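Here's the letter readout for the chains.
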Amino acid sequence: ADLRMSWWGSDDRHLATQEALKICGGKFGHTIAPEFTGWTGHQEKVATQLAGGTEADILQINWPWLPLFTKNGTGFADLYQYKDIIDLGQWTKADLDSGTVKGKLNGIPVSTTGRVFMFNKTTYDKAGVPIPKTWDELIAAAPKMKEKLGKDYYPFEGAALDARLVVILRTTQKTGKDLIDPATNQVAWTEEELVEGLEFYQTLVDKGVIESWKQVAAAGNTPLHENQKWARGQIAGTYQWDSTYGKISTPMEKGQELVPVKLLTIDGAKTDGVYRKPSMLFAISKNSKDPKAAAQIVNCLLNDPEAAKVMGASRGIPSSKAALDILTKEGKIKPVQLEAYKQVMEPTSPGVSPLNEHPRVTEAFDSNFEAFAYGQQSAEDAAAEIIAGINEALTGI
Amino acid sequence: MARLQLRNLEKDYGSFRAVHGINLDVEDGEFMVLVGPSGCAKSTTLRMIAGLERITGGEILIGGELVNDKTPGDRGISMVFQNYALYPHMKVRKNLSFSMRLKRRPATEIAEATQHVSGLLEIDPLLDRLPKQLSGGQAQRVAVGRALIKKPQVFLFDEPLSNLDAKLRASMRVRITDLHKRLKAEGQQATVIYVTHDQTEAMTMGDRICVMKDGHIMQVADPVTLYNRPANTFVAGFIGSPEMNFLDGELVGESSIRTADQTVELGEDFASRLSGNSRRAVTLGIRPQHLRLAAAETPATLKGKLNHIEFMGHEVYLYVDIGPKRLIAVVPSAAYDRSALRDDWVWLSPDPRGVHLFDRQTGENISLAV
Amino acid sequence: MARLQLRNLEKDYGSFRAVHGINLDVEDGEFMVLVGPSGCAKSTTLRMIAGLERITGGEILIGGELVNDKTPGDRGISMVFQNYALYPHMKVRKNLSFSMRLKRRPATEIAEATQHVSGLLEIDPLLDRLPKQLSGGQAQRVAVGRALIKKPQVFLFDEPLSNLDAKLRASMRVRITDLHKRLKAEGQQATVIYVTHDQTEAMTMGDRICVMKDGHIMQVADPVTLYNRPANTFVAGFIGSPEMNFLDGELVGESSIRTADQTVELGEDFASRLSGNSRRAVTLGIRPQHLRLAAAETPATLKGKLNHIEFMGHEVYLYVDIGPKRLIAVVPSAAYDRSALRDDWVWLSPDPRGVHLFDRQTGENISLAV
Amino acid sequence: MSGESRFLGLFYLSPYIIGLLIFTALPFVASLYLSFTNYNLMNEPIFTGLANYIKLFTNDRTFRKSLWVTLVYVFTTVPLKLAFALFMAVILNYKLKFINVFRTAYYVPSILGGSIAIAVLWRYIFADVGLVNMGLNLIGFEPVNWFGDPTNALFTITLLRLWQFGSAMVIFLAALQSIDRTLYEAAAIDGAGRWTSFVYITLPLITPVIFFNLIMQMVQAFQEFNGPYIITQGGPLKSTYLLPLYIYDEAFKRFDMGYASAIAWVLFVIIMLLTLVAFWSSRHWVYYAGDKRN
Amino acid sequence: MRAREMRSHRLSMAFRYALLAGVGLLMLYPLIWLIGASFKTNSEIFANPGFWPENPTLDGYIKGWRTSTPYSFGTFFLNTLWIVVPKVIGTAISCTAVAYGFARFEFPFKKLLFASLIATLLLPNVVTRIPQYLLFRDLGWLDSFLPLWVPSAFAGDAFFVFMLVQFLRAIPRDMEEAARVDGATTWQALIFIVVPLLMPALISVCLFQFMWTMNDFLGPLIYISSVDKYPVSLALKLSIDTTEAFEWNRVLAMSVLTLTPALAVFFLAQKYFIDGISSGGIKG
Ligand SMILES: Nc1ncnc2c1ncn2[C@@H]1O[C@H](COP(=O)(O)OP(=O)(O)OP(=O)(O)O)[C@@H](O)[C@H]1O
Ligand SMILES: Nc1ncnc2c1ncn2[C@@H]1O[C@H](COP(=O)(O)OP(=O)(O)OP(=O)(O)O)[C@@H](O)[C@H]1O
Ligand SMILES: [Mg+2]
Ligand SMILES: [Mg+2]
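Protein sequences, first through last, are from chains A, B, C, D and E. To convert, note that position 359 of the first sequence is 359 in this note's numbering; the numbers rise steadily by one, no gaps. To convert, note that position 243 of the second sequence is 243 in this note's numbering; the numbers rise steadily by one, no gaps. To convert, note that position 236 of the third sequence is 236 in this note's numbering; the numbers rise steadily by one, no gaps. To convert, note that position 104 of the fourth sequence is 104 in this note's numbering; the numbers rise steadily by one, no gaps. To convert, note that position 160 of the fifth sequence is 160 in this note's numbering; the numbers rise steadily by one, no gaps.
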């Protein structure tokens with residue numbers, strides 16, 4: 001059959017996927033036209049195509065898109081219907097659940113990603129501070145580092161999204177609950193719990209652990225990989241997706257070493273609180289003329305040893321056991337990458353709802369959080385408004 | 001056939017009526033000159049004939065055909081604009097040949113015609129210049145050339161020669177009339193409407209002259225009639241240079257007129273021209289050329305004080321104050337013997353054949369009988 | 001002090017030399033008229049004086065001061081442009097008062113001056129119109145008004161009256177000279193440079209006339225001298241209307257000239273003017289007004305065939321072919337008795353005082369002695 | 001001119017009319033309809049009457065904030081940019097050697113318009129330790145918090161747009177070229193200096209184009225999206241959250257196309273009103289040489 | 001010229017050039033940076049904010065040209081050409097005609113039509129995007145260049161129409177009238193008289209359309225799905241991902257290449273602004 005497949009990504013992914021498509025196409029006698037772009041605009045493109053019913057047969061979709069594009073699980077084809085074709089046994093139940101909406105498998109996770117701590121070992125060594133294992137050690141590192149290296153050195157960073165995830169991590173660790181309770185579809189935390197999380201952020205700022213939100217904004221909200229302070233090692237730690245390791249380590253000045261480490265902890269933590277989620281899913285269009293053929297290709301891309309070898313880690317470390325096995329066997333995964341992956345996969349977590357990243361939820365969180373960070377709102381007011389805002393958004397969804 | 005007829009032609013600019021329902025017939029092949037003071041709507045009339053200005057009322061017929069709704073290009077006319085309106089982006093050559101190129105004439109024919117016209121107008125050396133590189137007169141000649149090259153049925157000229165020097169103007173005058181005659185002789189009747197301010201042009205070129213004022217036609221006649229038998233004070237004053245002298249007066253008796261506290265006797269010939277007119281309040285009109293210096297006072301002279309003398313080559317202009325009025329007399333240099341000087345008292349004798357009487361109210365000429 | 005001096009003034013347009021190092025002194029308060037054929041660089045000269053055109057070479061002094069480097073606004077001049085150059089976006093009122101507003105004169109003074117000038121030029125009813133709503137002549141009057149209102153030291157006029165009708169032109173002529181005289185009387189000497197194509201304007205208005213040709217000055221003199229004693233064929237031909245008749249000829253004996261197979265005897269008076277000139281190859285120049293119809297052949301007449309007669313009101317133009325040459329004679333209507341008709345043979349007698357001889361090579365007048 | 005059919009003008013307009021009917025009218029009307037619906041792109045729109053508008057006017061703080069920010073942005077950016085573009089156009093209208101090189105250089109920022117390098121660069125330039133602050137420091141001024149301070153961030157976007165003055169400049173330049181030189185000569189003789197002839201001759205004669213640029217800059221400012229999108233993402237504290245950004249977020253981030261359409265139509269009405277005012281006022285200050293004489 | 005004038009003239013010239021060059025540098029800074037950065041290695045780009053690459057390399061250009069698709073960057077340039085050329089031509093022709101219609105003729109519904117023209121400018125196009133997409137889907141034009149240029153060929157860019165209307169209204173009618181008398185139809189008057197007089201404005205229109213189409217990202221993004229039809233604007237962002245590292249220097253190198261035609265075209269269009277035909281060119 002003639003199929004189309006769309007995805008976003010960078011050069012490596014483009015090359016690998018095109019090649020894999022040729023292999024899989026050859027195997028089943030299908031031709032698959034690739035439609036790929038960079039990240040910018042891809043969501044609009046897919047949304048427009050979905051609105052017009054003209055989307056590609058196979059789509060790479062972002063996990064948070066699920067509640068947007070397939071609220072009732074009917075936005076994409078239900079892949080359970082093709083379980084004869086796709087070897088779903090290669091995934092854990094948890095993985096499949098994360099792609100399931102209202103009992104329908106809307107997308108198969110390609111890989112899993114999560115937030116990990118990465119520190120600039122070089123800077124820490126220079127400051128004579130050990131790489132922190134707990135939040136307290138991190139906070140303690142700040143004055144020492146500043147004393148040794150200068151006032152403009154920070155052991156860590158976080159603003160906007162990164163700051164939100166730090167707050168979420170810390171509060172999850174304390175409460176053992178994710179932000180959103182999947183049962184009630186409401187905020188799981190009490191106001192006091194959230195206040196504490198917000199205040200913790202403020203402590204980090206006040207203690208000079210991280211640059212304040214305003215300072216980060218003043219620099220233009222520069223992403224880490226474009227940030228000179230990062231490149232020079234003045235910012236010596238971050239809490240990032242494991243998959244960005246390569247991206248943020250590349251621009252670092254020569255001799256700097258970036259190491260992924262275990263999640264920071266606190267006393268009395270109820271959970272490690274890891275923020276883990278499928279990084280992306282493959283879905284099949286509900287309008288596809290030949291969904292079976294599409295399923296064959298999806299299966300091939302994800303499970304076929306030959307295809308998996310070609311795809312490598314261009315979409316992160318595969319969730320499919322078969323693929324992971326072959327890659328490990330072939331040594332296609334770099335040790336640091338594996339190390340970071342381990343930090344994502346090992347810790348415990350209460351499970352993360354895709355609604356965490358629903359734009360209305362993040363909007364409610366971030367705007368109030370920002371007001372708090374700018375000192376325009378007390379922690380209490382901010383927490384109250386965040387909870388009210390998210391709850392309102394969630395009822396609307 | 002290119003007879004041109006205007007029927008009750010009207011034009012309003014907003015609330016301002018520029019043309020008041022004029023009627024004019026120009027015969028096929030006739031050379032009609034339009035004159036009148038500045039702002040009397042000569043250009044407006046021309047533009048309506050050309051189709052450039054929408055007609056507020058009335059009809060225009062060319063060759064018997066109603067052209068109210070025809071486009072300028074379809075009326076078989078060509079026009080020389082008062083402000084030239086040369087195409088600023090085209091060289092002179094292209095400006096000239098534009099209309100022929102529009103008609104897709106063969107290149108050789110175009111080249112020939114361009115050569116011919118530019119030779120005629122002495123603009124050959126300018127063919128490769130842009131309009132902005134021309135002097136005023138040169139630009140005007142190009143504009144004339146652009147009209148000539150079209151060989152249309154009706155030519156419209158809006159003061160085509162006003163920026164030329166006397167010599168060139170004289171030769172252009174002859175050339176345009178020549179051209180007109182030649183076309184006529186070749187059976188290619190070209191009707192011409194020619195707006196001018198120049199008396200000489202009006203008098204020498206026009207088969208007939210149409211005198212306009214404030215959007216009305218005052219008189220249409222051949223030059224001699226216009227000069228000798230002006231229909232009213234306006235025409236009398238407008239035609240002839242220097243302007244006719246006007247004096248308010250009263251008819252006393254058969255042929256005597258009282259004006260400025262003097263009485264002048266004009267003789268029987270003159271009386272006969274009045275044919276029964278006995279109105280008293282008149283305006284007396286005498287052309288400067290019809291006044292002579294008299295050696296002494298007679299009943300047929302007017303006395304005045306010589307105020308100012310202008311030497312004009314072959315002629316001398318004498319400005320004479322008769323009471324509060326100033327008259328001009330033009331006398332041949334030979335006849336002016338410099339005996340009378342400024343501030344001297346002099347006697348002027350009007351030639352009775354050149355004296356007109358006008359109704360003081362209506363301005364109508366009442367001395368036209370015979 | 002507003003004496004104007006041009007010293008070796010030159011102007012090149014690219015490789016084309018428009019002005020060839022001219023020298024001209026215009027006295028304070030003098031009224032200088034510039035005439036010459038179209039394209040002879042009158043406008044260019046004026047524009048250089050105004051400071052609008054960069055000078056290629058030479059110097060311009062106004063009031064004894066070198067103004068080469070001064071801006072037009074600082075030269076104390078005002079100018080009427082040949083194409084008017086009215087500000088299209090300003091009403092007439094604003095056009096007139098622009099220069100005063102720039103100088104921040106009080107509003108009442110501006111209103112007064114505007115009123116005064118518009119009254120003078122009969123444009124009061126137009127004060128609230130835009131230039132594009134004016135007729136050609138009206139636009140020109142506004143342009144003149146704009147220059148007058150400034151009361152400058154030097155007026156530059158580039159054919160200011162060419163679009164006006166004869167009557168208005170005559171009255172404008174008088175007004176401009178009047179104004180000039182009035183300013184002079186008030187001690188506010190205004191020097192005027194006035195470009196025109198109109199003979200009458202040139203002859204009546206100018207204190208002196210400067211005749212130009214192809215960027216050279218041909219003669220500078222007062223009108224009477226220019227008319228009676230032209231320095232060369234060019235001036236002789238250019239001044240006077242209709243144009244002077246020229247005949248190639250040879251001097252035979254003291255005072256006889258042979259031309260077109262005829263010999264004409266001009267008498268002793270004439271011979272004395274030649275003062276020793278014995279060159280043979282000459283050009284004979286006779287103004288049309290100096291030719292009379294003779295009743296019969298004499299040694300002092302030229303025989304020719306009457307080709308064409310033009311009636312000009314007070315005068316008659318006779319076109320007479322003498323051999324291959326056509327002469328024009330202008331005779332008073334009274335003197336033309338209609339006895340000679342087209343194609344008749346006639347005899348013309350030149351007035352010896354009006355006959356000029358020119359060197360056939362250089363064109364120089366060789367009959368100027370005394 | 002006579003002789004033409006009353007409909008000849010429509011003939012020249014025919015491409016526009018056809019295009020309007022086929023390509024423009026339908027989406028236009030559709031978006032108006034959508035503004036009365038709840039439409040998330042994935043499902044059919046559900047008609048909800050005035051609900052979107054009611055919410056917009058009674059219960060949307062973001063909208064109010066955003067509208068205010070937008071108005072502030074428009075009323076600072078438009079005059080500044082017009083003045084700057086005109087100023088540069090006049091300077092670049094001189095006949096100088098290499099003027100075309102300069103003109104090209106000055107147009108470069110506009111060519112770079114959508115380039116990805118802009119965001120990066122703008123950060124370099126206006127960051128707390130960026131070029132501008134370094135410069136300010138050199139001449140003894142306090143560094144300015146260009147992005148981080150809600151009171152400055154919007155102006156930083158304005159500066160970006162000022163810097164991209166090229167298109168407006170080119171239009172001015174084209175207009176300056178068509179002014180009759182003799183008018184400057186007449187003005188010079190009337191005693192006008194450079195400045196006065198600029199004010200009294202140049203400005204009035206290019207009013208049609210000033211008017212055009214005014215309308216277009218206004219429309220573009222009201223629809224400004226890219227600047228805040230690539231540089232501040234609307235922050236900090238929504239101080240650069242212009243309405244188009246809000247509309248975009250509602251439409252393509254939160255997939256509430258109905259609500260987005262409603263905001264867009266409110267914005268449309270606002271611009272329309274201002275445009276009408278501008279058109280009405282133009283009768284008093286715009287001079288058209290080519291319009292009919294009466 | 002006199003020495004004094006010479007000197008003050010030279011001084012004012014020097015001042016002018018200094019000013020122009022100074023401000024010009026400010027304008028050029030990004031471009032210079034961009035060019036410099038395109039010769040840097042990836043790790044250097046953000047570490048070293050200066051222009052000058054420490055170890056200049058052509059890597060960005062060579063690899064960037066190859067792209068991560070089966071096609072070289074040249075293909076994308078050609079694609080852009082296939083969109084830009086018809087679009088610019090179509091725009092120039094249709095907008096001129098429509099502007100002429102608006103500026104020079106009276107006809108029924110003129111005001112209404114002009115209002116509609118302006119109105120289309122005022123609505124943020126975010127909200128018409130989906131309906132428009134559905135329209136082109138129904139026309140069967142998806143994944144072709146047609147949606148990108150056909151509307152423009154029907155005077156769909158109100159901006160340009162409005163602009164030309166304004167310019168046209170500033171040009172006196174005399175020359176057109178003369179042409180009409182010379183026998184030109186309104187159409188011929190448009191072609192032979194109006195268009196040359198409108199040249200500076202028309203060139204600007206073409207220039208803008210050229211630049212904006214070259215830069216247009218969203219249009220191609222939505223309407224083109226086959227990689228072999230991508231224009232450069234899309235190709236440039238092809239490899240930029242949020243999480244994956246990408247080769248900045250390739251992106252910058254290709255950006256530089258993409259800017260070159262725009263710069264060249266603008267530079268060449270200069271003479272129409274310098275020798276612009278003035279509408280009142282005749283002097284006395
Ligand atoms: N910009 C220019 N480039 C080249 N030649 C020019 C330019 N301007 C004028 N000329 C030429 O210079 C000569 C003098 O022009 P100028 O306008 O001074 O003549 P003029 O005496 O005023 O003529 P007219 O009586 O016809 O107005 C003419 O031959 C004209 O063609
Ligand atoms: N667009 C207009 N709006 C209002 N009035 C106008 C307009 N155009 C011309 N006029 C007026 O109409 C009258 C006739 O103008 P027209 O141009 O026909 O005069 P003209 O006889 O050609 O004068 P001239 O000899 O000065 O050229 C004038 O009073 C003029 O002011
Ligand atoms: Mg007129
Ligand atoms: Mg001239």
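No lab work stands behind these hints: they were computed from the structure. Treat the hints loosely; a few may be bogus.
Straight-line distance between alpha carbons at most 25 Å, and here's what the computed DSS-like set of lysine-lysine pairs gives [as the list claims (entries may be wrong)]:
# : chain 1 : residue 1 : chain 2 : residue 2
1 : A       : 104       : D       : 253
2 : C       : 70        : D       : 95
3 : A       : 22        : E       : 271
4 : A       : 177       : A       : 254
5 : E       : 110       : A       : 332
6 : D       : 253       : B       : 132
7 : B       : 91        : D       : 253
Rough simulated footprint, nothing fancy, chain A against chain E, three-plus residues with beta-carbon under 8 Å [as the list claims (entries may be wrong)]:
#  : stretch
8  : 13-27
9  : 50-62
10 : 77-91
11 : 234-242
Since we're looking at a predicted model, the values are computed, not measured. Think of the CB as a built atom: it goes at the ideal place given N, C-alpha and C, for glycine as much as any other residue.
Outcome of the hint check:
1. About 24 Å separates the Cα atoms of residue 104 of chain A and residue 253 of chain D, which keeps this hinted pair within 25 Å; it holds.
2. Distance check on the hinted pair: residue 70 of chain C and residue 95 of chain D sit about 20 Å apart at the alpha-carbon level, within 25 Å; holds.
3. In summary, the hint linking residue 22 of chain A to residue 271 of chain E is not supported, as the alpha carbons are separated by about 52 Å, beyond the 25 Å threshold.
4. Pair hint residue 177 of chain A plus residue 254 of chain A does not hold up; C-alpha atoms about 41 Å apart against a cutoff of 25 Å.
5. With a C-alpha separation of about 69 Å, the suggested pairing of residue 110 of chain E with residue 332 of chain A is violated against the 25 Å cut-off.
6. Our distance criterion of 25 Å between C-alpha atoms is broken by residue 253 of chain D and residue 132 of chain B, whose separation comes to about 60 Å.
7. For the hint linking residue 91 of chain B to residue 253 of chain D, the alpha-carbon distance of about 60 Å lies beyond 25 Å, and the restraint is violated.
8. Only residues whose beta carbon comes within less than 8 Å of a beta carbon in chain A count, and the stretch 13-27 of chain E has 0; fewer than three means the coverage is violated.
9. Only residues whose beta carbon comes within less than 8 Å of a beta carbon in chain A count, and the stretch 50-62 of chain E has 0; fewer than three means the coverage is violated.
10. Residues of the stretch 77-91 of chain E with a Cβ under 8 Å from some Cβ of chain A number 0, which does not satisfy the need for three, so the listed coverage is violated.
11. Using a Cβ-Cβ cut-off of 8 Å, 7 residues of the stretch 234-242 of chain E lie near chain A, which meets the minimum of three, so the contact claim holds.
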